[in-house]
Every structure is written in structure tokens, then in C-alpha cells.
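Asks: Could you put the whole structure together from the sequences, leaning on the hints where they help?
For the record, the sequence lines run as chains A and B.
Residue numbering for the first sequence follows this note's numbering, beginning at 1 and increasing consecutively.
Residue numbering for the second sequence follows this note's numbering, beginning at 466 and increasing consecutively.
Think of the hints as simulated: they come from the structure by calculation, not from any bench.
No residue lacks a Cβ here, since even glycine has one placed at the ideal position from N, Cα and C.
There's no promise every hint is true.
To give an idea of the interface, some chain B residues facing chain A are shown, with a C-beta separation under 8 Å as derived from the structure [as the list claims (entries may be wrong)]: (1) E571; (2) G575; (3) G576; (4) N577; (5) D579; (6) A580; (7) F582; (8) M585; (9) L587; (10) F601; (11) L603; (12) R604; (13) I605; (14) V637; (15) E655; (16) D657.
So the chains spell out like this:
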Amino acid sequence: MSHYSSFKFMMEPRSVAVVGASDNPKKVGHIILQNFIDMGYAGKIYPVNINSTGRIAGLKSYKSLRDIGESVDFVVIAVPAEVVPSVLDDCGAAKSKSVVVVSGGFAEVGSVELQRQLADKAKKYGFALLGPNCLGVMNMRNHVNTMFLPLYKFDSPKLGGVSFASQSGAVGSTVLDMVSNEGFGIAKFISYGNAVDLDEVDILDYLAHDPDTRVIIFYLEGVKRGREFLEAAKRTTKVKPVVVIKGGMSPAGASAVRSHTASLAGSYQAYEAAFRQSGIVQADSLDDLLDYAKIFETEPLSKGPSVAVITNGGGAGVLATDSIYDNRLVMPELEKETAATLRKAMPPIVNIRLPLDMAGDADDKRFEAALNAIGGDPNVDMIITIALFQTPGADSAVAASIINYKAGITKPLVVVSSGGSYTQAHRRMMESSNVPVYSSPEQAARALAALYKYSKTRGAIRKTK
Amino acid sequence: MEGRSGLMDYMDAYRLVSSYGIRTVPGRYVGSADEAVRFASGKPIVMKALSPKALHKSKSGLVALGVDGKEEIGRAFSSLRRKAERYRPYKLLAQQMVPFSEDNVEIIVGGNEDAQFGKMVLLGLGGIYVEAFRDFSLRICPITREDAESMIDDLKSGHVMAKDERSRRMIVDLLLRASKMLTENSGVRELDLNPVILHGDTYSAVDLRILR
Numbered sequence: 001m002s003h004y005s006s007f008k009f010m011m012e013p014r015s016v017a018v019v020g021a022s023d024n025p026k027k028v029g030h031i032i033l034q035n036f037i038d039m040g041y042a043g044k045i046y047p048v049n050i051n052s053t054g055r056i057a058g059l060k061s062y063k064s065l066r067d068i069g070e071s072v073d074f075v076v077i078a079v080p081a082e083v084v085p086s087v088l089d090d091c092g093a094a095k096s097k098s099v100v101v102v103s104g105g106f107a108e109v110g111s112v113e114l115q116r117q118l119a120d121k122a123k124k125y126g127f128a129l130l131g132p133n134c135l136g137v138m139n140m141r142n143h144v145n146t147m148f149l150p151l152y153k154f155d156s157p158k159l160g161g162v163s164f165a166s167q168s169g170a171v172g173s174t175v176l177d178m179v180s181n182e183g184f185g186i187a188k189f190i191s192y193g194n195a196v197d198l199d200e201v202d203i204l205d206y207l208a209h210d211p212d213t214r215v216i217i218f219y220l221e222g223v224k225r226g227r228e229f230l231e232a233a234k235r236t237t238k239v240k241p242v243v244v245i246k247g248g249m250s251p252a253g254a255s256a257v258r259s260h261t262a263s264l265a266g267s268y269q270a271y272e273a274a275f276r277q278s279g280i281v282q283a284d285s286l287d288d289l290l291d292y293a294k295i296f297e298t299e300p301l302s303k304g305p306s307v308a309v310i311t312n313g314g315g316a317g318v319l320a321t322d323s324i325y326d327n328r329l330v331m332p333e334l335e336k337e338t339a340a341t342l343r344k345a346m347p348p349i350v351n352i353r354l355p356l357d358m359a360g361d362a363d364d365k366r367f368e369a370a371l372n373a374i375g376g377d378p379n380v381d382m383i384i385t386i387a388l389f390q391t392p393g394a395d396s397a398v399a400a401s402i403i404n405y406k407a408g409i410t411k412p413l414v415v416v417s418s419g420g421s422y423t424q425a426h427r428r429m430m431e432s433s434n435v436p437v438y439s440s441p442e443q444a445a446r447a448l449a450a451l452y453k454y455s456k457t458r459g460a461i462r463k464t465k
Numbered sequence: 466m467e468g469r470s471g472l473m474d475y476m477d478a479y480r481l482v483s484s485y486g487i488r489t490v491p492g493r494y495v496g497s498a499d500e501a502v503r504f505a506s507g508k509p510i511v512m513k514a515l516s517p518k519a520l521h522k523s524k525s526g527l528v529a530l531g532v533d534g535k536e537e538i539g540r541a542f543s544s545l546r547r548k549a550e551r552y553r554p555y556k557l558l559a560q561q562m563v564p565f566s567e568d569n570v571e572i573i574v575g576g577n578e579d580a581q582f583g584k585m586v587l588l589g590l591g592g593i594y595v596e597a598f599r600d601f602s603l604r605i606c607p608i609t610r611e612d613a614e615s616m617i618d619d620l621k622s623g624h625v626m627a628k629d630e631r632s633r634r635m636i637v638d639l640l641l642r643a644s645k646m647l648t649e650n651s652g653v654r655e656l657d658l659n660p661v662i663l664h665g666d667t668y669s670a671v672d673l674r675i676l677r
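Replies: The structure is reproduced here in C-alpha cells:
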């Protein structure tokens, strides 16, 4: 946890300086400063601009960090690339504790030498540097936010336990905007760009130790320190789930004059191996990333691969069964006692077997009886409840019965519900009560498979032999 | 036999791999048909022409399987020499033959070096399966016993190769030894044990290749 305190200065600063702050609304430095003010950040804010005439955005402003007369916890630098090295000298002189360089114009456009100066100065002065070419950080708890996106363009996610790190700023802001429509919330966001100093390994170590973070999701294109990343990931997945989406598929060994092994095992495969070996759950798409974040945020670990399906629509139950097996999960047999209980509770038209199709007129009583009986069955490890709100029997009482049941259960449970505005209203009702809801049986099964995979990593699976 | 591709001499590779307790079939270079006959001592053998210029021996017709008796060995010897002429320099290798059985299972165990993560070990079902179906599993070295177990479980063909507990233990043991060899020899960049034949209560790597 070498850089834990560096990130703490960024995420929980008592004072912030924005270098490049401006009254010109088109400047990045203006947006960042204004966001700190508008979001209600409670610490001290120092606008810094070489052309300062004394006040920016109504606050006392400074020509240089050296004029502030206090060592600032967190310096946000948003000035043209060629000026950044001299601002870092100011940070050194003013004993700044942590620095993010949001400015672009470094290695990503070929200015490798300029970028090297940044790394050298961070080392020389001994402060931690995030970036350059990034959005910086966001802490949902205290309104620290260095993202230079006007607030009206961007729906802010809710506060929650999922922390998100992204090499790419664009993927980062897109995912956060998408998350704002999801049932789960965000704790911390870190966009780290070219990673001259702080990199994937430091970020994993920080988030592993951060008490606000329960789930880590990561967009990465590559890592700089492969071995250390592997070790950091092994440590992290012992305490909380890490979901990674890897951008950039490298073609495997192009040359024909190589071994069989080399032609199969290329760089992308090496990443997959590292993820697999360290207990990281790999997502294949941004949709998977969000679906997995959602299940990890609310659900406990699973004790096995057996999934029961309860449904008020027969076809959806069949699709769910297919998806369960497609994802290398299984559907169990019910215990005799469970079957007997269900037989008494269900009308004669209902066949007592999994998937349990309770018919279209199933109401809250039927849902409740099914959940209680099947949830208590020792053969069942996880539950998919399909609640189609278009059916005659389903209404708010059904949603309420699922929410009530969920509050008392220790097995993972997800709901599948899709449809128009009536369904959406019930979806929100359930999601705001920590019930993960998916639009399709396929998504639900994939998410459960991810949960099961991670449960194995954590050694939560009961022994069968 | 030092080629541009960095192919390690077969017998050097054989000795290196054997020193890690990986079972290979006994073999030796032969300079004449008579030497091969003496090596065979009455049993069928395999003969191969080895050249750094011909990495795919069977595709180039440089392998003769189940060669039995003085006459067959003599014919195979001259035929291999003729075919190998265009791949000079080459050497002729005679190897003992693994007894054929319907129950034999071929697997591939390999090694590669990644710029970011270093040495990796690979497992797949042998023959055409690993390439045609891309059904293989890969781990960063060094691996643990659990890693080796999960390498088998991750394969679609896992139950085909580990058809009983004994096969499973053998594969796990082989993977751990291959990982150790790869880890301890920084000069070994790539490894192919392809195929490794699981036969009876043992296994044998019948072909091996190391790239430096």
C-alpha cells in the first residue's frame, strides 16, 4: 500500500489548488474550478493562474502555487503541456502533497521527452502524480471531482460501493454516465491516462484498502508492471471482487517460424491468463462490466453452481434454463419436502419442477410461497426470479414480496424484468432496495456465472466429495 | 545445430527437460542405418530428420513411424536423408516407440515468454484439436498445484485428457515440472512438448522443441 496516502490526499484533500483556473467558461481550468464550487466541496479552494488579477470565480486567486503560503493537499493542473514541467517545480517548492495533470499533449501525441520530464520531477520532489492526459479523480462522498465535464452534460451516478478505474477518460466518463441509470452507485473514480507515476498497481492497492470500495471495476488497455500487477490483483481479489475489461486485442504470434505454443499464446492471451490466475473476473463488454458490478455490489458469495428459476412466464423460464447451462452453471433437483410444500401452495396447473413456471396469473402470494420454499432448499445455491409485469397477476405487491424476501435471504438472488414504463417503475422500486434486476435471462445467468467464478476464488464453494 | 531461429539442439533439449523429471522417450542421433538397427535392438522405432529449417517435421515428411527390422530401417534411413537434403544441415534421430493403444491420449504442454508477464505455461489436447478449436489454457509461471488443476478444468477437453484420477495427477505433475523448468531457465523462450502421449500408467513426451 505504498501510495495509499498519496491517493488519500487526492480523494480527501483539505485544500485544493486548480492551476489554469480561469473565468473563461471555455477553459478546462474553469470547468474544474466551477465544479468544485458548484458541487459544494467543503475544503479550501485556491485558483491559480499566471495571469491572475486577484480574483477568479469570486475566489481569491494566485499567480503561482508558491504564493499561497500553505502546502496544498491536492493540485489539479490544467495548463498547456509545455508549461506543466515548470508548474511541477512550483509544486515541489510549495511542498504540494499530490498532483493530477489533466492536460494532454504528451506521449499520446509523441511528446515522449516532455512526458519523461513529468516522471523525473515527480520522483525528484517526492509527490505522487496522476496522469497526464486523464480526467483525474472523483470521490462521491465529499464532492472532490476533477472531471472537466460540464455538469449538465453528464448524469451523476449515485453514491455506492463500486469504484471504477479507467485508463481512458472517454470510456470512464461514458461508463459513469451509464451507471447513473443503474441500480448501483459509485464510491471512487480514477482516470489515470498515461500513468507516468501512479499506475494500475498503485490504483489496485489503494482501492483494495479503501474502506468505501466494495467492488472494483477496471478498464485497462495494458499494464506497465505485469508481475506486480499480478501480485497486487491476487492480494486484492482475496478481499473484494475486481472486474476488468481489457481493451486492445493483440494478434497472437504472427511469424510462422515459431513454436505451436507461441502461435497460440500471444499478448492478449497472457492478459487473460493473468486475470484468471489472480482471481480477476474478466468482462467481455461494457454491458457485462456494469452487469457484474451490479451483482457484486449487492449479492453475497455463492456456495455452489446450482441455480433455481422461478417465473411467471414459461418461455422466459426455458430461455433462463438454456442460459444457465450455457454459462456452465446447473439447475438442481428440488428436495422432496420442497416439492411437497410447493404442491400445496400452487394451483394444480403448476408443474412442481424447475424451472418453476407459476403461470401468468401468479400474484404476490404465489411468488412469496415459491421464494420461501425454493430459497430454503439445500440443493439451491442461487435464484433467478423472472417477474414479467405485463402478466395479469403481477403488480406492485409482487415487487414488494421480492423485496421483503430478499431482505432476509443469504443466497444470491437476481430478478429478470423487462418492458415499458410500468415495468421500469417496478424495476426502480426493486433496485433501490438492493435487488439486482436484469433485462434478460442471458444477462442474469452471465452475472451469476461471474459471481460463482469469484466465489470459487474466495473459497466459498462447499465441498461435495 | 544452432540455427537463426534459436532452436536448441534436440539432445540438449532432451537432457534439459529430462533433468526436471519430465519423461521423454529415449533417443539418439544415428550416423548410419546400422547404428539405427543397433539402437532398435529388435523393436520398432521412430526415425526423424531434424533441422532448424524445418520446424514442422511431419508436414515436411521428415518422420518415419513404426520402422521395424533391418530392411525397413535401411529404407527409412535413405528416404529421410533424401528428403532432408534441402534442409541442410540436418541430423537423423532414432527414438523408441510408445506402444500404440486405442486408449492413448495425446496432449500438448508448452511454454512461451510474454513481454509483460514473463514465462507462461500452456496445456491443450494434442493433435489438431488445440489449433483447430483453440481449446487451450494458459497460466503465468511459476504455477501452483491449484493453477495446474484449474488449467485442466478450464478446457472443454479437460475430461478427455484427465479421464481418471491417475491421468489427472500425471498432467498436474507434468505442468508443475514444465513451469519449474521454464522459470529456472531464463534462456528458454519457447517450449513445445508436442505431443505428450498418455499411455498405460505413464506418459512420454515424444517430441520436444525448445527455442532460445
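Asks: Does each hint hold? Answer for all of them.
Replies: Going through the hints against the structure:
The closest approach between the C-beta of E571/B and any C-beta of chain A is roughly 13 Å, which is over the 8 Å cut-off, so the hint fails. Look at G575/B: its Cβ gets to within about 3 Å of chain A, closer than 8 Å, so that hint holds up. Taken as an interface hint, G576/B checks out: its beta carbon lies about 6 Å from the nearest beta carbon of chain A, inside 8 Å. With its C-beta approaching chain A no nearer than about 4 Å, N577/B sits inside the 8 Å limit, and its interface hint holds.
The closest approach between the C-beta of D579/B and any C-beta of chain A is roughly 4 Å, which is under the 8 Å cut-off, so the hint is satisfied. With a least beta-carbon distance of about 7 Å to chain A, the hint placing A580/B at the interface is held under the 8 Å criterion. Residue-level restraint check for F582/B holds (minimum Cβ-Cβ distance to chain A is 4 Å; threshold 8 Å). Annotation: interface hint on M585/B holds; nearest CB of chain A at approximately 6 Å, less than 8 Å.
Given hint, L587/B at the interface with chain A, holds; its Cβ is 5 Å from that chain's nearest Cβ, closer than 8 Å. Below 8 Å, beta-carbon pairs count as interface contacts, and F601/B has one with chain A at about 6 Å; its hint therefore holds. Taken as an interface hint, L603/B checks out: its beta carbon lies about 4 Å from the nearest beta carbon of chain A, inside 8 Å. Annotation: R604/B was flagged as interfacial toward chain A, and the flag holds, the nearest CB pair being 5 Å apart, inside 8 Å.
The beta carbon of I605/B is positioned within 8 Å of a beta carbon in chain A (closest approach about 6 Å), and the interface hint is therefore held. For V637/B, the suggested interface contact is broken, since its CB lies about 15 Å from the closest CB of chain A, more than 8 Å. At about 4 Å, the closest approach between the beta carbon of E655/B and any beta carbon in chain A falls short of 8 Å, and the interface hint on this residue holds. Given the 8 Å rule on beta carbons, the hint for D657/B holds: about 5 Å separates it from the nearest Cβ of chain A.
When held up to the earlier numbered hints, the structure conflicts with 1 and 14 and fits the remainder.
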